[in-house]
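Input sequences plus hints: build the corresponding full structure.
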Amino acid sequence: MNLSVASQVLKSCMQSRIFGISSLLTAICLFTMWQAPEFAGAENLQNTMRWTALFGIISIGVAFVIITGGIDLSIGSVIALIGCLLAMALKTTYVPQDQLEIESLQGSTLQLTQSATDYKIGDEIRIGDSRYTVQRIEGTTLTTTEVPDRAEVLLADQRRSREIGSLVRPVFLARARHQVLEEKPVDKNPIRRGNQNLYYHTIVVAGTQNGFREQDQIRLDYETGIPGEYSIVSTAASGVNTEFRFLARKRNRLPPPAGVRLSHRTQAMPTSLAIFLMLGLSAIIGLAHGLLITKVRLQPFIVTLCGLLGYRGIARFITSDQTQGFQTEYFQLRQIAKGDLLEQLTGVQYEFGIPMPFVFLAILAIVASVFLNKTIYGRYMLALGRNEEAARFSGINTDRMVILSYVICSVCAGMGGILFAFDLNSILPSGHGNFYELYAIAAAVLGGCSLRGGEGSILGVVIATAVMRVLNNAINLIEWFDTSMEFAIIGLVILLGVTADEMVRRIVSKRRGVPQANQ
Amino acid sequence: MSIVVQQSGLNSNVPAVADDAMVSETDPLLEVSNVTKRFPGVIALQDVDLRLGHGEVLAVIGENGAGKSTLMKILAGVQQPDSGQLCLAGESVKIDSCRKALQLGVVLIHQELNLADNLSVSANIFLGREPRRFGLIDDAKMAMESQEYLNMVGLAARPTDLVSRMPIGQQQMVEIAKALSIDARIIIMDEPTSSLSSRESEALFKVIRDLKQRGVSIIYISHRLGEVRKLADRVVVLRDGRNSGEISREEISHDRMVQLMVGRDLAQFYHRTPHTPGEVVLDVENLVTTSWPNHQVSFRVRGGEIVGVAGLVGAGRSELLHAIFGIDARLGGTVRIAGKTVVATPHGMINHGVALVPEDRKKHGVVLEMSVQNNIGLAGLGRNQHWGGLLNQRQEQLDSTSMIDRLQIKTPSKNQIVRHLSGGNQQKVVIGKWLTMSPKVLLLDEPTRGIDIGAKQEIYRLMEELAEQGVAVLFVSSELEEIIGMSDRSLVMHEGQIAGELQRDELSEVAIMQLATAQVSAANASPSDVQ
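Protein chains in written order, with this note's numbering: chain X, 1 to 519; chain W, 1001 to 1531.
If you're looking for bench data, these hints aren't it; they were derived computationally from the structure.
Just so it is clear, CB atoms sit at the ideal spot from N, CA and C, and this is done for glycine as well.
Don't take each hint at face value.
To be verified - Take a look, some chain X residues computed to stay more than 10 Å from chain W by CB distance: (1) 16; (2) 181; (3) 206; (4) 219; (5) 279.
Stated by the list, open to error - Label pairs and their computed distance ranges (CB to CB): (6) X/23 with W/1388: 32 to 38 Å; (7) X/459 with W/1133: 56 to 62 Å; (8) W/1336 with X/500: 55 to 61 Å; (9) X/503 with W/1136: 36 to 42 Å; (10) X/503 with W/1293: 48 to 54 Å; (11) W/1272 with X/305: 44 to 50 Å; (12) W/1336 with X/400: 25 to 31 Å; (13) W/1161 with X/367: 52 to 58 Å; (14) W/1271 with X/373: 40 to 46 Å; (15) W/1118 with X/500: 31 to 37 Å; (16) X/367 with W/1272: 50 to 56 Å; (17) W/1156 with X/314: 54 to 60 Å; (18) X/451 with W/1363: 15 to 21 Å.
Laid out in structure tokens, this is it:
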């Protein structure tokens, strides 16, 4: 028998698979470029790369689970849940400078718990998202414009707390209006934010306004028309008055406002804590899956199918099925999903950049590759994926390794969830991340993971993810493709891919001549 | 468990061969001439001849890799020969598919049985040929006909019994009943007794003799030469893919068979030099396994001792080893290694120098799709790791190279996938995996099952060598020869308990079987504390 025929077969199978999938990727790219030249445009390429990266992260995660012979169907729902929770954890509210508590409410008269003498006619009262103007003040009684169905609004707002009868003292918010003394000349050097040019404006407000920091809000009121809300960049004392610096789109001075109102920005929780909690929660989800599968001996398919339903349901419940997002907040933070590497490093925008998620993917792929191929844990996973019993008989704590694979998978899904949320900025609890687990599994399988376990290549998975994204992109770009064909085409290509792979494997093993069985 | 062999029924069903009664009895039923089969790089069979008479029990023996399985696969239509001729009842035939083989009445019963164990006996017997009525399966008819075949093989089971609930010996009878149901003229049995207890084997032999009476021809493949001597009318020996010799009934002897198989004389098969055992290394006290929750097992093994555990299949021997090694949970008791109580996990046991070579090599012993090197390295990865869990590939390479060398593992390279090695070499890989850890206690579960004679002997030599180095060796075996040949003393188990202990000079087949079947009064056989 020639030297290590069989191992060569296995190795060359893996190599030929990566070669095959790379060729497929090249072919689809060339075809798309021929049919739709805009495919090669910088922006399109960057977008495709970014989405490849986002999907690649979750595909690498599921690859580990598949290598141990399992499956994870809950990825899409984890992405939705993490996205919703992240948006909620990072929800910002602007708390006005002062706030009042209401004692009672009759018609448009509000009885307050404290003196309202600090307030002037024309000040604003905010209840929920509605704003009203103070018209009359008598001691602790404010009369506002039209508060007709206040109680109803309150009930509507609070309906989920089921405390209709106990709403005696809801918090009403008000904010005092300050006089604007002048606006200083506008700094003519623009700042680029996304695809907009912004300019530094400086406004001097009467009185000493303490305690406002970057990202707090200044609102310019006009007698008529829509007020302008801006994020404060910096404040400075100017004698007894205060200067506020903020960014606005206008190149010249703003029209003089009737006054400004100031609000403090509050975040539901600090950003780093929120992200840490999201990753922690993902890890706990993976841990729960792993424990149920190894200790309770449930089947991975069932456990994660319940996850698929459960996390989606939780996401919809906690958000009341309302779309979540970050609005215009967290511009800098969201650059980890939307930005590009060179711009982040140099601050200069280039025609063609490397999307940040792609950088994460590259790092993750290298780490995952080393983990899988160069550490004992990776070897344990490959061994137990092939033959869990033999691994157990070799003294390997197979349960722990299986649990670890589910934790890795869910944490990758959680990272994906964070990045998808930042990238999309609009998280529909019922639809966000739908089918993503299937894209991830398809990419893992197309990239060389056998659902029988014990086999897989991280590079293959990444390339396969790219195939799927390019395919998706091609269907959207090529005119004569009906986009409704998307699923059908993706399904067909995957089917052809794995069929070709199986054929190649058979031909290779026949040609290399592995005996069917030694006796 | 018991198999009732019925005396009646021999005449009630006319065997299939009756139709061929015209053919002279002296003509061979099957004649294989000059069959050659090449696999790339390997010649599996070269110009092999084989003749099988009517109602003959022909034993085909040979070491692993001698070509027995390939020859049988050719007969059963699984593989096609590159050249050569097959004649069945005087007619040249081409068996190009399993289906064709079945049509011709050639049935191969695999070592690992091919039953759908989630189905009933009758469903298995008629699998693929279910009698139908209005397009639906006619269960009544199927059950009735199955019963006939069950009677023929003397199996006291109902057609509706689930196969999974039956002991392996009975499952084998179901396979034979299935073969009869398709009018088999030739039944090929590949290592039929490898997982049977002695009693089950006896029942099988009885059935084989009955089949012979009916005129069914049997090709019997076995490594157990004792059985061959008992059963065979003629023995064909293969070596390295060629005919090595043929032995007629009168000439069959152990030595003659071994000589033809290995091509040399084996002066002494079991080589033991008794030496004084050292300190107690393995101390098992009141161990309770999950399979026998009402029995406690206690015994000790000293360093340098080889202790054989005998008993019938199902007596709880493997379960005992598994409980010691921590693979299966224990319900009670302690295991001390060199005086220290060790946590009941494989990891803990390995750290204290305990190694287990499991019975089911392919399932528990090796990862078939991984290379020799990776399999040998598997147990030592944790011990040899670099910081942060990085693999120590150099150590793995050194270990595997030295084990391939030391155990003479026949593999083209250390990167060969274990699946493609022969059983004996796979077993050596499992043993090599543990030797890298320099064990103090070596637990072996049926260490030579399904292994050819040459490899067997190497494993015996290795056990001896390890004992000499002071390793405590505890091995489970169903082959009495092996227990008698290798043990310093033997523990005989019966229904989860140690029924008795036999010193080397007390070891005999009779003594072991009496204890194993509990034919000795309980007072005589109380487990003595071994010191």
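- Query: Hints broken by the structure, by number, lowest first?
  - Reply: Of the numbered hints, just 11 does not hold.
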